[in-house]
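Chains as they are written, first to last, in this note's numbering: chain U, 1 to 822; chain W, 1 to 252.
Hints were generated in silico from the structure; no laboratory data involved. Careful: at least some of the hints might be erroneous.
Label-pair distances were calculated between CB atoms; the ranges are [claimed, not checked]: (1) U:Arg459 - W:Ala148: 30 to 36 Å; (2) U:Val386 - W:Val35: 25 to 31 Å; (3) U:Gln692 - W:Gly32: 25 to 31 Å; (4) U:Arg295 - W:Glu152: 51 to 57 Å; (5) W:Glu152 - U:Val21: 48 to 54 Å; (6) W:Ser159 - U:Arg295: 52 to 58 Å; (7) U:Val402 - W:Thr79: 52 to 58 Å; (8) W:Val36 - U:Gly759: 54 to 60 Å; (9) U:Arg459 - W:Ser159: 23 to 29 Å.
Even for Gly, the Cβ is constructed at its ideal location relative to N, Cα and C.
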Amino acid sequence: MVTSRGLWVRWSWRDLRGRWVLVTAISLVIALGAGTYAALLSTSAWRRASNDASFALLNTHDVRVRLSQGSTVAEGRLAAVVASIPSAASVLGVRERLVVPTQVSAPHDLLVPGELVGTATGTDAGVDDVWPSAGRLPGPADDGQPVVVLDRQFASANRLPATGEVVMSGGARASYVGLGQQPEYFLSSGGQAALPFLSQRSFAVVYATLATAQALTGAAGQVNDVVLTLRPVDRRDPAQRPVSQELLADQVAAELRSALAGAKPAVSAVVSTRGELPSYRVLYDDIAGDAKLWRIVALLVLAGAAFAALNLTARIVEAQRREIGIGMALGVRPAVLAVRPMLFGTQVALFGVLLGVAVGWLVAIPLKAVLVEMLPLPVWVTPFQVDVYLQASALGFCLPLVAVAWPVWRAVRVQPVEAIRVGHLAARGGGLAPLLRRLPSRGRSYRQIPLRNVLRTPRRTLLTVLGIAAAITTLVTTIGFLDTFNATLDDAQHELLRSAPERLNVSLTAVEPADGDVVRAVRALPETDTVTAGLMLPVTAGRQDRTVDLLVEVLDDAALWTPTIESGTAHGGIVLASKAAADLHVTVGDTIEVTHPQASPEGLQTARTVMTVAGIHPNPMRAFAYLDPATATAFGMSGATNYLTVTPASGTSATQVQRALLSIPAVASAQAVRTTTEGMRTGLDEFIGILQIAALVTLLLALLIAVNTTSIGMDERARDHATMLAFGLPARTIIGLAIAETALVGAAATVVGIAGGYGVLVWMAATTIPAVLPEIGVVATLSTTTVLAAFALGVVTVAAAPLFNIRRLSRMDIPSTLRVME
Amino acid sequence: MTVLPSSPVDARAGAEGTRIDLDDVCRYFEVGDTVVKALDGVNLHVDESAFVVVLGASGSGKTTLLNLVGALDAPTSGTIRLAGTDLSTASRAQRTRIRRNTVSFIFQSFNLFPGLTALENVRFGADVAGRADAADVAARVLEQVGLAGRAEHFAHQLSGGEQQRVAIARALATGNPILLADEPTGELDFRTGVAILQLLREQAEAGKTVLVVTHNREISRVADRVIELSSGHLVADGPPAGGRAAIDDLRW
Ligand SMILES: Nc1ncnc2c1ncn2[C@@H]1O[C@H](COP(=O)(O)OP(=O)(O)OP(=O)(O)O)[C@@H](O)[C@H]1O
Ligand SMILES: [Mg+2]
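Make the full structure from the sequences, and use the hints.
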């Protein structure tokens, strides 16, 4: 018995060595599947750990109070409101701040909108600290002096030095002594200045002490923002009613809202919790959403690997079929007969899993680089994820075994006589080939061999097609994401640039009279041509329990640009993006409740107005909404403006207009619409970076599967090829036949793969992408380039694979091949 | 039982040289430390248009000899000429051409294409040799071997003997002047075997060289010449002992 067991092991070891190229290739396929799976899923753990560490390091606020744009209160007043709430004892740290939109002129001739963040210094626990990545932070001696810190990401995106000088709106000059980061700006949100989609490159955050910010903006003694942290909840203490930090934050926020509303005079402000902080929300929500995306990509890769493994082992077992039949004839039990292929499968699996760890480690290197590059956090922790690797290894180990078990089970079920019969499996029933018999056979008989071979063994062909198709599906899905994002951005750009493409959007630091000094000053600039005064306000639209944050622009008939109206009209109500309408479950004619700022004699306050949905516009950016002046009377700001649209005078560049606008103190920011659309693009860089890595791995996998499958096919045809050679058919003709055969399989696989990839993409665009990026309405798109690339891969690469065999074929030992293949 | 119709022989036969010359040919196989001398110093000269039977025990080197003559294999030493062409100095392309237009093989294990029907397998032979009337030739030759009724069958639907006959038909369909047959009657019953032999003899009479490998001493009685191999050596060469017999006299 011991001897016999040794025999089986030796036998399967011989199998392994006999096909080591194939075994290596299939192990590599498994390794790519398992390794990529592990690496992609490790990113979730790395990001969560890095987020936790980074947000904790800088004492990120739990609750924040932000006054309506343009309004300020005296220093100390907001802190007093915080001190007055019932839960004041739970508050750990409080910082009053002055956050002002500004225009920043930086070295390298940069001129961009930005934000000046002045934070009160104190001796108590820190809140929303600045983490210095280079240089130093302003010390006590710098308080009130024009000494600031420049945002790290802005600086690195523009390759600015670690120290230098910046000039802000109104000509305020300051020297920056270092580069830094604050939790709120881990991801650039575009800030309060009502210009969405400013990229890190074109949005400058300047950190200063409160006194410095006040001095630089001429707002002495004023603040407009307060952030606070809460004491950690002690879960073991039953007396502490809110059982989690989040519930405590919600409670404090609610108390602050009523305290602010009850203040005399009432303070119009937005109270938010850490969970609502865009950078926090996006950085954490992204993880789960991205993980879904990466899990699907990883599973697709694994599915491709599974099919390839199934293919290979099924073929190996079929090659051993006759031997199995002989074994059965000799009375060997099926379980014993299964040992050899199962051992073989185990060897492949083990090899694959070991290689998988190496592949995972390799793929992780560029992934980490993309993450650190795209998500610059103060702290990055990327420990080896043992559990994820174990999970991937288990999958990578089981797949080939399952792939072996199935054909073995099939093999031991047939009658021994069937298994022994020569060519039985290769030719079972002729497959679908008899269908071809009715076709008139034109030309040389052997020209039909490719099509015959494909149809003769439909199951094997199907397996091959599915194996290659899975690889192409993965590739198409991954690149399809890139296409989809690009198409969405193109749509947005197309819409925003449909008229007056040279225009600039200008936001003002406060609401001004439309015919007041500020607007007149802008009109008077020789660099401007047309200037229209409008309003842009952040509002929240609600319908039943659904809400969507919007940025409403009031457009009158003289507007330089108006949105395309897909349905409905531009008048008599609000015009929503189709994504916003879909998320709110409304169509033209329905009503929504809009929560918005409203000017009143006491100042700005929050009001609710029911508005009719007048029309739908096609911009995929959900936040964009438009109102006609009649409906906008609800804001109580008729005749007022905080947002100008400017076209440059002829011969004037956007930069020149920006510079000119900077001279007017009330101008918070100015940006060419073109730049806005570019900013949107940068926002997707992280996705694109990781997707590119995934696409590269997939490409590798697809190539591997294609070549692998083809060379197996060549092995299977070796006997036919030897016979053809014996009859004097030139090697190149035989290769030509093989190419025709693989091209047929490749074409079928490509069609299935592209259809599958598009299907997955459509499905993801309907389910996962909205969860990951709710602010954008994406439509699954495949570019012609992607389809052509997939086609090139599926047909050309697969078809070209036999070319690698020319040498082998022309040197083939014909007698041995014919003898052995028996 | 199949009775083969008498067969018109291909007109191209004999049109080209059919000489086979082997001088001091050795074919050794090295397996690990041992060297198998499958052929050892074989000299053989076959004139045009002969029916030659190669006899020998199993493992004596018959198939090896046939492979060498068919340009499927190269000798370890010695020279082989086929219709005047030296195979040892021929380029790969020349060897391919020789296989296409000079020799044609009937394998011991048939080697039919499982993806083609019987007729298509035969047609393959005619196609490769570049015959313009391939379709007609294929149909005619298949009929000659008595399988017109099985034209649409695939290899796995045929018995061993039927597969053998398709393999023979495929070789005949090439119309090449040298026919190499490895145990062509091995799987056949007496009457079919005789009919096949008749067919092969007719090819030789029409000017082809036919080399038939067999264990069956009885078959050698109808040969023009009998060659005997033993352990890689040529041990006998000459006309059949007791003179050439008529096919009808054979019994086994
Ligand atoms: N590729 C090879 N490697 C090693 N030995 C070989 C090889 N091919 C043939 N032989 C050996 O050469 C000898 C002659 O083989 P060959 O196939 O010519 O025999 P044969 O006369 O055709 O036998 P049979 O009548 O059984 O078909 C045998 O001993 C065989 O084992
Ligand atoms: Mg033999």
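Hints, one by one, checked against the model:
1. U:Arg459 - W:Ala148: 30 to 36 Å: holds (33 Å)
2. U:Val386 - W:Val35: 25 to 31 Å: violated (55 Å)
3. U:Gln692 - W:Gly32: 25 to 31 Å: violated (52 Å)
4. U:Arg295 - W:Glu152: 51 to 57 Å: Given range 51 to 57 Å: holds, Cβ gap about 52 Å.
5. W:Glu152 - U:Val21: 48 to 54 Å: violated (39 Å)
6. W:Ser159 - U:Arg295: 52 to 58 Å: holds (56 Å)
7. U:Val402 - W:Thr79: 52 to 58 Å: With a Cβ separation near 57 Å, Val402 of chain U and Thr79 of chain W satisfy 52 to 58 Å, so the hint holds.
8. W:Val36 - U:Gly759: 54 to 60 Å: holds (59 Å)
9. U:Arg459 - W:Ser159: 23 to 29 Å: For Ser159 of chain W against Arg459 of chain U, whose Cβ atoms are near 26 Å apart, the range 23 to 29 Å holds.
Of the numbered hints stated above, those contradicted by the structure are hints 2, 3 and 5, listed in ascending order.
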